[in-house]
Amino acid sequence: MAEKKIKSLGDLTALAGKISESKKNIKARVLICMTGCRALGAELVANEFREKLSAASLDDSVEVVEVGCIGMCAMAPLVLIEPYDVLYGKIRPKHVDEIISATIEKGEILDKFVVKEDGKPVAKISDVSFYKQQQRQVLGNCGRIDPRQIDDAIEKGGYVSAVKAITETAPDQIIEDLIKAGLRGRGGAGFPAGLKWKFARQAPGDEKYLICNADEGDPGAFMDRALLEGDPHKVIEGMLVAAYAIGASHGLMYVRAEYPIAVEHVKIAIVQAREYGLLGGDIAGSGFSFDLEVRMGAGAFVCGEETALIGSLEGKRGMPTPRPPFPATCGYKGKPTNINNVETFANVPLVLSMGPDGYSSIGTEKSKGTKIFALAGKVKNTGLVEVPMGATLRQIVYEIGGGIPDKKEFKGAQLGGPSGGCIPAEYLDYPIDYDSLQELGAIMGSGGLIVMDEDTCMVDIARYFLDFTQSESCGKCTPCRVGTAKMLKMLEAICRGEGKESDLDELERLGEDIRKASLCGLGQTAPNPVLSTLRYFRDEYLEHIREKTCRSGVCKDLLHYVILDVCVGCGACKKVCPVDVIAGEKKQVHTLDQDKCIKCGQCYQTCKFKAISR
Amino acid sequence: MSEIKFNINGKQITGSGGQTILEAALDNGIEIPNLCHDPRLVPSGACRLCLVEVEGLNKDVTACTHKISDGMVVSSESEEVRGIRKTILELLFTEHQGQCATCDDNGECNLQRYAYEYQVSDEIIGQCQPVEHADNYTTGNKALEYDPGKCIRCGRCIRICDEVQMDTALTFMNRAGKTEVTTAFEMPLNESTCELCGQCISTCPTGALYERYAKGKGACQDLKRTMTTCAYCGVGCRIELNTNTKTNQYVRSTSPVGIIPNDGNLCVKGRFGFEFVNSDERLTTPLIKRDGKFEEATWDEALDLVANRLSEIKAKHGADSIGGLSSAKCTNEDNYVFQKFIRAVIGTNNVDHCARLCHASTVAGLIKAFGSGAMTNSIDEFKKADCVFVIGSNTTEAHPVLALKIKDGVVNNGARVIIADPREIDLVRFSKMHISQKPGTDVALLNAIMNVIISEGLEDKKFIEDRTEDYQLLVEAVKDCTPEWAEPITTIPADDIREFARIFATASAASIVYSMGITQHSTGTDNVLSVANLAMLTGNVGRECTGVNPLRGQNNVQGACDLGALPNVYPGYQSVEIEANKDKFEAAWNAKLSPTKGQTVVELMHGVEDGSIRGLYFMGENPALSDPNLNRTRKSLEDVEFLVVQDIFLTESAQYADVVLPATSFAEKDGTFTNTERRVQRVRKALDGPGNSRDDWQIVCDIANRMGYPMSFADASAITDEIAGISPIYGGISYDRIDDVGLQWPCLDKNHPGTKFLHKDGFSRGKGKFHAVKFLPPKERESKDYPFVLTTGRQLYQFHTGTMSRKSSAIDQKSPTGYVEINTADAKRLGIEDGEKVEVSSIRGKVVTPAKVTDTINTGWIFMPFHYHEAPANMLTIDALDPVAKIPEYKACAAAVKKI
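As given, the protein sequences belong to chains Y and Z, one line each in that order. Residue numbering for the first sequence follows our numbering, beginning at 4 and increasing consecutively. Residue numbering for the second sequence follows our numbering, beginning at 5 and increasing consecutively.
Derived from the structure by calculation, the hints contain no laboratory data. These figures come from a predicted structure and were not determined experimentally. Any given hint could be a false lead.
Unchecked claim - Restricting the straight-line Cα-Cα distance to at most 25 Å, the calculated cross-link-like pairs of lysine to any residue (SDA-like) are: (1) Y:K503 x Z:E99; (2) Z:K63 x Y:E515; (3) Y:K319 x Y:K336; (4) Z:K388 x Y:E210; (5) Y:K492 x Z:E99; (6) Y:K159 x Y:D180; (7) Z:K63 x Y:E442; (8) Y:K97 x Y:R32; (9) Y:K319 x Z:E195; (10) Z:K436 x Y:L316; (11) Y:K492 x Z:D151; (12) Y:K492 x Z:G153.
Take these sequences, add in the hints, and give me the full structure.
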């Protein structure tokens, strides 16, 4: 292996050239998402392509590449064909023959597989609104390279920024550049990454550690997973720069065990980077040494909090500790430690390649660069979207996300995962960045973005998120452990119609105290969904309390399905009722046994005559 | 520490650098409410009650975790933080489902106090309902109980188990509202790694953890706390006896944090070992044996009988036909009076006590080498030593609270602990290196270690030159003792000996800790001399965190020796064979004293056999279980013409007595104990003695008076004043000086501050003396019939002959009976299963006991604890004695193990 080691920047660029050269014969590449899309049969599709291409003796000139997330998850399984840049969705093995003969052999676009906008097929991926409105730079390689082949990453310029940095730039300069670029931590709180590095660098001690926080715990957020699965080398490259900047020789990547593909890809990437001498001793002839190991988390949400994460790495129960001391001075094993999130590290090579000025030209005054959001909920194009800081909710939800399905109304968006807040429609055109979200009572968090429409009950949604954070409370500090449970109890009572008006003030008072008094971010942000919905949707709470109604029809205890006289006796509702509580002769007004009704709402959804009220 | 000035609630106060806001505030008498804080623990900021506002910070901080800085402006009573605090208290009360009225902590519970101060709403407190609890890790445990309903999840129990005890038996389970304290995998407490130290109870801020024994025996507010000294091992933990004055019963033990020497820490015996005080089996009246049966008697009858019989024997067979065993369990005052009685009233030096069986060789050896036979340094120094060499001391089991300091040094100060012990003792978990020498080969090992040090030039030449003499004798003696020579003797690979020697010799401050593994051999004195040689060779004497540190086994074995309960010395180690000393004591005591040294413990027993000993008087000693070769010992007890036993229970030895005299226990009398670090500490009366029991010294005085020697003291303090007058090392000791913290001898006069470590500028004898010590094997070697080496010792839960510790329900449940430890391979070969009863025998006797199959002892060696009367290890041990110290060889004899 010794001859494989890269000894200088020149070696690396030469290697990139050599890799390109070796791919000269490739006429087309079939990129198949093998991460998220795997669940929907991508593997079978890939096998079919390989078999059929081989049968057609095209396997020398057409490459089947298993890639990471391409982004438009609503269309899975996705196949992207280069050089035509045509994106096909919902592909099954049976479609493969046709794609080979038409698209690969003849360059013809098959309209039936491509994305439709306003009923019209959009052939090229770059013309699809979902992508056109994005600025995919951190995710640039995701879905374009085989994450298990370091050569793919190197061909695309991987590791150049890092090798340049560690061979040519002083650590302090790198940190200054990072500060100047304005990169803020993508894990949620948005602390300036450069400052964090500076603290770790300045902390006294020879033994320092670097940790990558890949414990992506927010339900619905999966940008870190996508990066690790689709472009692990970009994260490793960022870590390499950080390690050099702060003076760490040992790095740890804490990945949640629920991400087996991410773990596998990162482990492969580490081995391959070592083989090229991009990890280990004397990296790229710089004299700097750094190596990395992967550790798996056991599924506690709180372990995404940096001090709890460190505790977990040390073999303790994952519980946060008070700061100060900050990890920068006293972290893993009591040594100076720098922790950044996956997406933050993935931004680092970009900062270096674009330069601080180039990088900071993207975004808003205080939030620079792009941010990846995990778009989910009541929106047509769910998936990962990367937009510059300062993009508006409208751009994300309507232009990229394609709007709300079934012509429903946008009601609000939960930003920042379960610890975030709910932003109502009136702020659709508000530019989104760290500070504006804070102002609105939400947080950037990890970038979860859940769209809600008129069918979403805001009291129920607050209860739902609080139920999650409260059950994930580690139990250490009183406000979070007991306070969130108390809030939850009150919300549950309101959802049952048993709330009192004074509960709302009490929820606000308690929520504020929990925010102020909790030990870590989990407790400090847990009341956010409640406080923000109380701020923007108080009338819905009052309806639950005063009128005992839930306008969205979600809170079952407040629902009473009644068949009205306008019933034509079509029998549709009777057919769908899972518990057979609807009775009535054909063409007669039906009746519904309230006592046995489980309030599933099937009848209500089915009735075409609006003859059922709730 | 730098001084830091800051402002709190408008008041300017001063703290020291590194302090938290809470620490500085408390030091200045300002209380900030807190529940998860314990000064022994790393602050965790869990309860959030101590939130304060700090000017310039954008959010409130916990005072327990936030460090002070110059000019800081803190507000701990602002409306906002008081509001938050009230919220937190109300939240705690939705979780805390206890009823104060039936809680043991009633009156001392901070949660209760804060609830009052902050006027937590009645509505919330009213919600508290006792709830049915599922079984938890303490269900069925007799030591302690955990009530999750009262638990506020502050984590102090878990943290103290982890950070101070380093036992890591406890953890949280579940999350959020379901969070509870438990053991790993929720196993029952006694099956976990728990050592039953009960530190968790001591730190619990509410009544969620409590001693099961104490439940219902008195709420805190009804109990009297008497500060005294623990009656178990020689560490001398300061302990508060919590007693209910209405019932005259002992309820529980507590210990305040910050106190010397134990900082509030106690072990299983200190915490759970005092049920014996309340025992129905306590002696309450004198007993006289008539026709082989004990009959109750009045004090006058009993005392007259004792005085008359002793006088008769003295008259008929001479003073030297009477011997007395004083007690390492009794106070200094008791011991002083007892030895004075034997010397001045009986007229013989035949007084000894069980130090003969534990550290006689220490006293003999260290006096030869250094001129003083006690632990050279102090307990607290272990936590700062660079290296601690532990040989023949099962520290965590025999001296648990002292071991905390060693563990603290390892974990928090990077100290290297190196251990030479035949068994893989618990402390090995914390050690840098462990070697297991075959029992009885310590001199070979130590000589080899010194051979390495000298041949590699690692000795401290300057120390040797300036402070010692006869170095050449040592060089000659160890010249040929190479590691290769020692390997077949000790079974330790030569290279391991080398590595071990280097770790020790290269340490900047190395301390040697030893105990009975060194002393209880027929070569005990040689072993001690070798240890002294090693310390001097490396310059590790006379400095802080170094020294030769024999750990004394019983609460007052140091004091009993100091006070002359030894046949060769008067109080203060003044030899009876020096004319001037005799003259001094004759004058002081107004009596004719014997010029010859007396007989030792085992010699006294053996003396019965030839009729040279006719009368024996035991004060708080139990040779019928503690002496070696019990068959022979018991025969002597049966045969001796007149035996008086003065004790708190009808012990195995008392059964043989002609007269039994009921004494008060440590909980019922005033006095002093001297701990292993030479610290003289107060013992205080917390209860009235049961029935007609009397203080030991009082009984002895009563007998003396009846024998025509007037002896009386106003109280225990007056005895100490007499001691100070004639024993120079105790010259400055008086009760008023040790009311709060004990003094370490030598304490020569009323202004002397006591002595933290010995031999600072010069050895007690002038120069330290090297001795040439040659390896001699144990007296009894393994044979075809007795192929195992049997070694004996203590275990954590029990103490000595179990007279006190076995009365504890908690201890009895955890450690109900004896056992023999045998290596897995040996057990397999003999077809013995773990827990199976086996016969262990030596040429002197046999016992049946369960086998404990383990890998912590090497093949060919077996171990038995000696506490259990039903399986007495001393049936098997050999009564071969060290020629100088007359200590028996408890630590090595030949034995057989048979499946039955």
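We went through each hint and held it up to the structure:
no., hint, in the structure
1, Y:K503 x Z:E99, "22 Å, holds"
2, Z:K63 x Y:E515, "12 Å, holds"
3, Y:K319 x Y:K336, "11 Å, holds"
4, Z:K388 x Y:E210, "23 Å, holds"
5, Y:K492 x Z:E99, "13 Å, holds"
6, Y:K159 x Y:D180, "23 Å, holds"
7, Z:K63 x Y:E442, "17 Å, holds"
8, Y:K97 x Y:R32, "19 Å, holds"
9, Y:K319 x Z:E195, "21 Å, holds"
10, Z:K436 x Y:L316, "24 Å, holds"
11, Y:K492 x Z:D151, "24 Å, holds"
12, Y:K492 x Z:G153, "19 Å, holds"
Checked against the numbered hints given earlier, the structure satisfies every one of them.
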